[in-house]
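Full structure from sequences and hints, please.
Listed below, chain by chain, are the residues.
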Amino acid sequence: MTDEKRFSPEAQRYLDGETVNGLDQSELAAADLFGQVIQEYAASLRTPGAEVDRAVMDAIVPRARSHRPASLWRWLVQPHLFTVRPALVAAAAITLVAIGALTIDIPGFTDGEQAAGTTTGQPATILVRFELRAPDANEVTLAGSFNDWSPQGVQLVKNAASGLWTATVPLTPGEHQYLFVIDGSQWIPDPSAHAQVDDGFGQANSVIVVGPRGVVRS
Amino acid sequence: MGSQSDAVLVRRILDGQVELFQVLVERYRTEFGRYATAMLGGDVDDAADALQEAFIRAYRSLASCRDQERFKAWLFRIVSNQCHNTRRARRSHVSLDRIEEPEDSAAARRMDDAEIGQTIEAALNELTGEQREAFVLKHVEGYSYAEIASLLDVGEDALKMRVHRARDELRHKSEGLR
Numbered sequence: 398m399t400d401e402k403r404f405s406p407e408a409q410r411y412l413d414g415e416t417v418n419g420l421d422q423s424e425l426a427a428a429d430l431f432g433q434v435i436q437e438y439a440a441s442l443r444t445p446g447a448e449v450d451r452a453v454m455d456a457i458v459p460r461a462r463s464h465r466p467a468s469l470w471r472w473l474v475q476p477h478l479f480t481v482r483p484a485l486v487a488a489a490a491i492t493l494v495a496i497g498a499l500t501i502d503i504p505g506f507t508d509g510e511q512a513a514g515t516t517t518g519q520p521a522t523i524l525v526r527f528e529l530r531a532p533d534a535n536e537v538t539l540a541g542s543f544n545d546w547s548p549q550g551v552q553l554v555k556n557a558a559s560g561l562w563t564a565t566v567p568l569t570p571g572e573h574q575y576l577f578v579i580d581g582s583q584w585i586p587d588p589s590a591h592a593q594v595d596d597g598f599g600q601a602n603s604v605i606v607v608g609p610r611g612v613v614r615s
Numbered sequence: 017m018g019s020q021s022d023a024v025l026v027r028r029i030l031d032g033q034v035e036l037f038q039v040l041v042e043r044y045r046t047e048f049g050r051y052a053t054a055m056l057g058g059d060v061d062d063a064a065d066a067l068q069e070a071f072i073r074a075y076r077s078l079a080s081c082r083d084q085e086r087f088k089a090w091l092f093r094i095v096s097n098q099c100h101n102t103r104r105a106r107r108s109h110v111s112l113d114r115i116e117e118p119e120d121s122a123a124a125r126r127m128d129d130a131e132i133g134q135t136i137e138a139a140l141n142e143l144t145g146e147q148r149e150a151f152v153l154k155h156v157e158g159y160s161y162a163e164i165a166s167l168l169d170v171g172e173d174a175l176k177m178r179v180h181r182a183r184d185e186l187r188h189k190s191e192g193l194r
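Chains B and A are the protein sequences, given in the same order.
In case it helps, my numbering puts the first sequence at residues 398 to 615.
In case it helps, my numbering puts the second sequence at residues 17 to 194.
Honestly, I wouldn't trust all of these hints.
[As the list claims (entries may be wrong)] Straight-line Cα separation of at most 27 Å, DSSO-like style, residue types lysine-lysine; simulated pairs:
#, chain 1, residue 1, chain 2, residue 2
1, B, K402, A, K176
2, A, K88, A, K176
3, A, K88, B, K555
[Unchecked claim] Pairwise CB distance ranges (calculated):
#, chain 1, residue 1, chain 2, residue 2, range
4, B, A456, A, A174, 28 to 38 Å
5, B, G571, A, H100, 39 to 49 Å
6, B, Q583, A, E163, 22 to 32 Å
[Said to hold, decoys possible] Chain A is faced by these chain B residues, among others (derived, beta-carbon under 7 Å):
#, residue
7, Q409
8, A452
9, V453
10, I457
Think of the hints as simulated: they come from the structure by calculation, not from any bench.
Virtual Cβ for every residue (Gly too), placed ideally from N, Cα, C.
Here's what the structure looks like:
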């Protein structure tokens with residue numbers, strides 16, 4: 398490799414994110430172009446989807462599923478109240494479509510049996526998936542009564558292609574109140590939640606009710 | 017309750033709440049997904065297979081994760097090894113594309129996105145495993161050197177050396193881009 402195709406030490410430091418003074422203009426242009434190309438490449442990469450989660454859980458908990466086929470079938474054919482109401486809410490700077498909280502399909506678990514906490518003395522939990530479409534947000538977190546309303550408590554993960562932010566949270570059966578927090582400062586209720594309650598300060602909190610067999614109302 | 021730490025989740029899983037492994041899978045499938053795809057030549061199907069195998073192996077050896085506070089680094093090593101194994105297996109029956117020297121670098125032409133992706137992937141394939149891993153973590157995942165050092169248990173100076181060499185190689189191999 399010839400020297401002209403190497404980045405200078407200053408350009409390397411610049412690409413490392415350090416502040417560099419006196420970087421030659423041609424080197425600066427080359428470094429910027431390099432950074433831009435790599436950034437575009439990184440953004441173009443697809444990431445494996447939720448089918449990985451299902452395959453992994455199928456592989457590690459097949460026994461739990463096969464032990465309760467009758468109750469699983471019974472649960473599947475029984476009517477359950479799962480309210481999911483996708484809604485489109487346009488805000489000034491951000492478009493949000495909250496799909497709300499959904500129970501997720503976990504083999505050996507979605508038949509509503511409580512988790513192993515029944516044998517360990519720990520409270521049983523139901524895994525609840527929260528989804529919010531916020532393509533323009535840089536960060537979305539979930540704060541609620543289940544985490545002392547900490548905005549740093551639950552980080553949602555963004556699907557770059559769809560703009561959908563998701564997180565799966567273990568919740569104990571009962572009623573929980575929650576809000577989404579956009580970019581650390583904008584607290585919003587879940588537009589598709591079944592119920593909103595006054596938080597006592599003139600704002601609304603979303604309500605989710607978790608039963609031992611899954612989400613009762615979202 | 018809220019977002020439980022890795023260590024708490026690992027302890028509860030080992031205590032019998034197997035279904036909580038789903039939380040860890042979703043958390044790190046997303047976090048390490050782009051890394052796996054980049055390490056496997058942009059093939060998202062290979063990345064999905066590698067991640068699936070890595071998570072299953074991690075679950076089966078979860079009891080051996082003694083420092084549960086460093087679960088992320090422990091899991092990353094499994095994901096990384098699986099990606100390297102997949103690459104080796106693929107090399108045995110697939111001839112990886114090679115980048116040709118541009119005949120006239122002065123006549124640089126504008127490539128479309130697909131060509132850029134193929135060029136970068138082919139150039140990444142030319143790097144050593146260590147260089148490729150460090151470069152992908154730095155520039156694709158966007159980790160800081162301190163975070164990479166924690167994941168790989170390698171000093172920051174050594175990491176910078178790998179990333180700098182990787183940049184030079186990539187610049188050399190991808191002359192003519194744009």
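Item to check | Numbered hints the structure breaks, given as an ascending list | outcome: none
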